[in-house]
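Residue numbers (my numbering), protein chains in the order written: chain W, 6 to 392; chain A, 14 to 310.
By construction, these hints were calculated from the structure, which means they are not laboratory data.
Honestly, I wouldn't trust all of these hints.
[Unchecked claim] Taking lysine-lysine pairs in the DSBU-like style, the calculated list, with each CA pair at most 35 Å apart, reads:
#, chain 1, residue 1, chain 2, residue 2
1, W, Lys383, A, Lys147
2, W, Lys299, A, Lys131
3, W, Lys386, A, Lys131
4, A, Lys147, W, Lys392
5, W, Lys391, A, Lys147
6, A, Lys131, W, Lys391
7, W, Lys392, W, Lys66
8, A, Lys131, W, Lys306
9, W, Lys335, W, Lys313
10, W, Lys146, W, Lys169
11, W, Lys169, A, Lys100
12, A, Lys131, W, Lys91
13, W, Lys306, W, Lys336
14, W, Lys58, A, Lys131
Read off the chains here:
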Amino acid sequence: MKKSLLIIAGACWLAAQLAVPCRSAADEPKPIKIGAIFSVTGPASFLGAPEGKTAKMLVDKINASGGVLGQKLELIIKDSSGSPEKAVSFAKQLIEEDRVLAIIGPSTSGETMQIKKLCEENQMILVSCAAADAIVNPLAKYVFKTPQKDSQAATWIYRTMKEKGITKIAVLTGNDGFGASGKKQLEDLAKTEGIEIVANEVYDKQATDLTDILTKVKGTPGVQAVVNWSIVPAQSIVAKNMKQLGMDIPLFQSHGFGNRKYVEQAGVAAEGILFPAGRLLVVDELPASHPQKKLLATYKKDYEAAYKEDVSTFGGHAYDAILIVTEALKKAGTTDRDKVRDAIENLHGLVGTAGIYNFSATDHTGLDLTAFEMLTVKDGKFTIYKK
Amino acid sequence: MENGSLALQYLLSGVTKGSIYAVVAIGFNLIYSATGVLNFAQGEFVMLGGMVAVTLAHFVPLPVAIAGAVLIVAFIGCLLEITFFRKLRRHSVLHLIIITIGLSIVMQEAALHIWDEKVRSLPYFTGNEVSSLKFLGAAISPQVLWVLGTVAVTVVLLHIFLKYTLRGRAMRACSSNPDAAMLAGINIPNMRTLSFGLSAALGALAGCVISPITMTHYEMGAPLAIKGFAAAILGGMGHPMGAVVGGLMVGILEAFAVSRLPAAYNDVAAFAVLLLVLFVRPHGLFGRPGGESVREH
Chain W
6 MKKSLLIIAG ACWLAAQLAV PCRSAADEPK PIKIGAIFSV TGPASFLGAP
56 EGKTAKMLVD KINASGGVLG QKLELIIKDS SGSPEKAVSF AKQLIEEDRV
106 LAIIGPSTSG ETMQIKKLCE ENQMILVSCA AADAIVNPLA KYVFKTPQKD
156 SQAATWIYRT MKEKGITKIA VLTGNDGFGA SGKKQLEDLA KTEGIEIVAN
206 EVYDKQATDL TDILTKVKGT PGVQAVVNWS IVPAQSIVAK NMKQLGMDIP
256 LFQSHGFGNR KYVEQAGVAA EGILFPAGRL LVVDELPASH PQKKLLATYK
306 KDYEAAYKED VSTFGGHAYD AILIVTEALK KAGTTDRDKV RDAIENLHGL
356 VGTAGIYNFS ATDHTGLDLT AFEMLTVKDG KFTIYKK
Chain A
14 MENGSLALQY LLSGVTKGSI YAVVAIGFNL IYSATGVLNF AQGEFVMLGG
64 MVAVTLAHFV PLPVAIAGAV LIVAFIGCLL EITFFRKLRR HSVLHLIIIT
114 IGLSIVMQEA ALHIWDEKVR SLPYFTGNEV SSLKFLGAAI SPQVLWVLGT
164 VAVTVVLLHI FLKYTLRGRA MRACSSNPDA AMLAGINIPN MRTLSFGLSA
214 ALGALAGCVI SPITMTHYEM GAPLAIKGFA AAILGGMGHP MGAVVGGLMV
264 GILEAFAVSR LPAAYNDVAA FAVLLLVLFV RPHGLFGRPG GESVREH
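With the hints as constraints, model all of the structure from the sequences given.
Dropping the structure here:
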């Protein structure tokens, strides 16, 4: 008796399972699933939160205008809260259970490196929103990334220093994946660019006061400039502490400084900070003829209208990731994952928020040095730095 | 001379950090002396204080916002004691400590949902981000003086309260001998609620005065609680003055460690000294050996 009940229950369940896809298939074609792993909360939330918001906004916009290949997009966002362990389990879930076409994100380099191999083994397209060079070097067939490379940011910083006649510098980095990657790039490139690092310190990513480290920098003879490379609130603290200690040497930050929040937190201490970044932050200054102008202005307007907060370059990385996947879908004309992957490598002259992408079989970043601009802070606003 | 001013600068930097640890440590001590519980949610009171004050500061002047934040968080502290600890009094102290860890996680998540993940801060009380006071070639932000002043005033007021007022004496009586205190007509549960409220108020005040320096965000509580706890242990649990000395010592140790070692090692240096002190004086610098046993039985 019990057994037959079970069988009936099982049959009902099966019928229900079968019925659902049949009905939806009759109404409209199945949506194309895109997975996203962002650290919407946690220490890297200022990356993940705008990324999540941007991805959602862009997918809604695409769906409102008919989707891609006549199919709607379905975005599945997972919040990793910056934890590599969570990123791994979400990646597995997206690959095995949700069977998505591609994964965009994670937000941080540390998380991306944890799932790089997993995606490669499962032949899952990964378009990371993190910056470290190690994501695409060594190259993995299925792994791409949207932000400019760390090495390009370091090169920009060093070239600007040379123009200003600076040769001896202090390097401060946060003790997370982004900081470690930046430290390595700055150290590796120093010699070829003719810069000498005379002080090199790593601080805790939760540091609340850096006067002790800066005192050490102040006491080191010959330091002409400070480079701070982190994505944590310490970016504002460094600026404040330097001014409080009466240090007048220039402060360079990484492209991690591209969020107006940091300028607000540092207040007047942020004036004169130099950092390389994409053109999104200075879209108003771009000439109308600039190829990125239209896209950047539209994104900024849409984002700021939808979320009532300042646009940041990080949200732009998610914008580019979605753009790359959808453009590749259009180019491939199919949802076959391998064909879409091949199509990404054939994207040329694709205008994104970070720059103009030219992918190839050997370049999975697709951006060159021109994707950056040296910016500075003037009257609490980002502006293009002029020599 | 150059070296002298650098050393002074390290000292001031240490004092800056240390004064922050000290305010957190005082809160630890207060609850510990009245209830025997180590409240690991102490850092969350600091965070809540800062968050509430930043929100209130949009509507009312800064001093009113701070006062409001202190009152609101004190109320939350009392509420927590009444809802969780009063009912669970029969459980061992260890259980209660684990509950405080749980509460700290809950409060953190609640803050994330009420506010958001963004970093915010109160304006500097005097001057702004770049102003600093200079003497003998060293510089210090005026806000640090506000923190130090707050610590000093708090310690003096606490001392007067615990030593010279009836209520304060009753609170101390609860801690040294609950049974005798009860026989003397002291309402022990109310005293415990009071200690939570006071400690939450102190935490909130700390959260407001340090906000311009450290900035306020929902995750700031836990790291502060760890350092504050270390400071309280170093000074001797249950000793407010000890907390101040302990906090300043941990801060100054960290700062001078940076001058000799790479900055990445400053926690190592601070905690190595903490361990050494505990080997020699397990009850901390100012704690009394054996004070513990009175409470446990």
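Check your understanding: Are the Cα positions of W/Lys392 and W/Lys66 separated by 35 Å at most?
Key -> Violated: W/Lys392 and W/Lys66 sit about 40 Å apart, past 35 Å.
Check your understanding: Between W/Lys386 and A/Lys131, is the straight-line Cα distance small enough, at 35 Å or below?
Key -> Measuring from Cα to Cα gives roughly 19 Å; hence the hint holds.
Check your understanding: Under the criterion that the straight-line Cα-Cα distance not exceed 35 Å, is the pair A/Lys131, W/Lys306 satisfied?
Key -> 21 Å, holds
Check your understanding: Hey, W/Lys299 versus A/Lys131, does the alpha-carbon distance stay inside 35 Å?
Key -> 29 Å, holds
Practice item. Sort out whether A/Lys147 lies within 35 Å of W/Lys383, counting only the CA atoms. Key: It holds: about 26 Å lies between the C-alpha atoms, which stays within 35 Å.
Exercise for review: Could you grab the alpha-carbon distance between A/Lys131 and W/Lys391 and see if it respects the 35 Å cut-off?
Suggested key: Judged against 35 Å, a Cα distance of about 31 Å means the pair holds.
Check your understanding: Taking 35 Å as the top limit, are the C-alpha atoms of W/Lys391 and A/Lys147 close enough?
Key -> 33 Å, holds
**Study point:** Pair hint outcome, A/Lys147 versus W/Lys392 [Cα-Cα no greater than 35 Å]
**Key:** 33 Å, holds
Point to revise | Satisfaction of hint between W/Lys336 and W/Lys306, Cα-Cα up to 35 Å | key: Distance of about 28 Å is within 35 Å: holds.
Review point. Going straight from one Cα to the other, do A/Lys131 and W/Lys91 come out at no more than 35 Å?
Key: Given pair A/Lys131, W/Lys91 holds - Cα atoms ~21 Å apart, limit 35 Å.
Review point. Taken at face value, is the distance from the CA of A/Lys131 to the CA of W/Lys58 at most 35 Å?
Key: 14 Å, holds
Practice item. Decide if the proposed pair is consistent with the structure: W/Lys146 and W/Lys169, CA atoms, cutoff 35 Å inclusive. Key: 41 Å, violated
Comparing the model with each earlier hint shows violations of hints 7, 10 and 11; every other hint is respected.
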